[in-house]
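Please arrange chain B on chain A, whose structure you already have, making use of the hints.
Here the protein sequences come in this chain order: A and B.
Counting from 213, one number per residue, gives the positions in the first sequence under the numbering used here.
Counting from 3, one number per residue, gives the positions in the second sequence under the numbering used here.
Take these hints with a grain of salt, some might be off.
Calculated cross-link-like contacts (lysine to any residue; reagent style SDA-like; alpha-carbon spacing at most 25 Å) [to be verified]:
1) A/343 to A/302
2) B/228 to A/232
3) B/228 to A/249
4) A/343 to A/275
5) B/228 to A/275
These aren't lab readings, by the way, just hints derived from the structure by calculation.
These numbers were taken from a predicted model, which means no experiment stands behind them.
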Amino acid sequence: MPSSAWLVPVGAIAAVALVVALIDLPGTVRAFDNQAAHNASLSASDRELELVRTLGIDGDFVLAAERDLPARAAYSVETGQPRGASQLALQAVPAFLQNFLLPRLQVANAPWLLCYGCDLHGRHVRELWRKRDLVVAEVVH
Amino acid sequence: MALNVLCLLVGLAMLFAIRGLGDSVELLRLGGLAYLAGIAALTLLAIALLVLGAPVGVGLIVGIAVVLGGVSVGWGIRTGRARPARIRPAMGLRKAAVPGLLCLVGVLAFLAAALRAARLQSLFVTSEWDAWSIWTTKAKAIYLLGGLDPHAFRTFFQPGYPLFVPTLEAMDFHFMGSADTTALHLQFWLLLAGFVWAVGGLLRPRVPHILIWPFVLLLFSTIQLKGLALSPQADFPLAELFGAAGLCIGLWVVRREAWLLAAGGLLLAAAMETKREGYLFAGALLLGALAGSARTTRHSWPRLAAVFALAFAATLPWEIWRRIHDLAGPLQGSSSAGSGARLGPALSSVAQILLDTHFWSVIVPLGLAAALLVLLRGGRRLPVLYLTTLLAAYAGMTWVLSAGVDFSLGPESGQNPIPRAAGAIALFTVALTPLMLGAALDREKT
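Bound conformation, chain A alone (with noise of 0.2 Å):
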């Protein structure tokens, strides 16, 4: 065949491309414009804490640990029940407040704990903050 005659073929694949874009394109615009309007209408804190009220984490538990934990604090989480907490919140506790409240530190037996929903009972505990079953205290030995 001649080169020109390869002109159809490949013509309509790149149609295809271009009309099931087009058919497509519309959706994912308005997905990112209603996502930039959901944004415009936030403020900082709205926008730094979104997660906390998505997975219905308690946002005062959150911003008691980012003011009463010392800088370089190495702490640790323990979850329970606490009333009204969905699992996921639950799951993603922990891994939120590693990112959220570094460089503080995430281990296991630290001298810090953050007690969401977690049973405190016989543990020797200094209470910095609390409300209802959501703590952030410092282990006292």
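Below, chain B alone, put in the same frame as chain A:
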């Protein structure tokens, strides 16, 4: 932003060193490749310095940029590379180019929409789980703790994972002056724009606009792109680096210009340092390039082997550091125990992800059609490279899915890593399909 401008300048200097830059139009055309190459080179060097215990801050990054850029420019002058001349007079617009340029306008409009979404995007949303639980946690640790702290890394999830994205993010934090995870999304928009620029620039002027931009628009329309492209995690950077590397290697197989192999090797090193899948895709591309250049084995194979070996060697500093500090490696946890019974379903799952329009639209089917068309036309090198890479990647992804007993085999499951990993193949296809179609119109280029 300053870091990204620095990367662009370093990349341009490196391109000047390895190929020369003929005029301002060429400089503009190859800016995207230069940007990706600059990002790759500076971040890989920063990882090596972090491993050596250096406090990688703004001063050191600027310092290595100046040294790398200066050495590159000096080498380029010494070897007599072509220097950028003054701007070429504007060329007339041919009528035939209009539909293709309209597609380019669509690409730019899409990037503008993505920029609006990225500008104020919060990191802490559920769709970016890996971004805040893995990638930015490490980046913030590097930034806030002043380097690599093995004690800190041991407390993180998947501590031995490749370090490219956390290092790049930590460099961003240094240049921003804070661990601003909202502004960080702009970095990932820039990588997306850089990929598109690199592909367009590498393909032009040999491939007409109308064969390039429809495939970029097709990529933009995919459902996977919305959730991944702007998110500060490693999936899309891997795809972008691998896609651009694959195009460079594909062009080298056809044109034999050494600078394309060097640029491809650098981007491939960055891809391997981005995610563990990078090694798999690099291996697949090596097989593809070897098969695609099978008629010139004496010339091609030693060069390909050397470049791929050097690219692999560039990832060794982090690999050595993580082994010294006993951090769990990226391949630990995989086993062949469950692979036998899972092999059949895994084969089916990966095929569905590659071919079902729900994941990466019709990108791979169109890539296959283009490859078959070039084969019918009598061309060999590009379609053989593409098909071999695709087949090897398919086999590799199947192995990963069947061996990882914790992975779900269902394509729709969030516990199946293949839909995201397959992005590398999708972007590779988006980059290579216009080249194959252009080659179908000109048999000499196949």
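Now the hints, each set against the structure:
no.	hint	verdict
1	A/343 to A/302	holds, 16 Å
2	B/228 to A/232	holds, 16 Å
3	B/228 to A/249	holds, 16 Å
4	A/343 to A/275	holds, 12 Å
5	B/228 to A/275	violated, 31 Å
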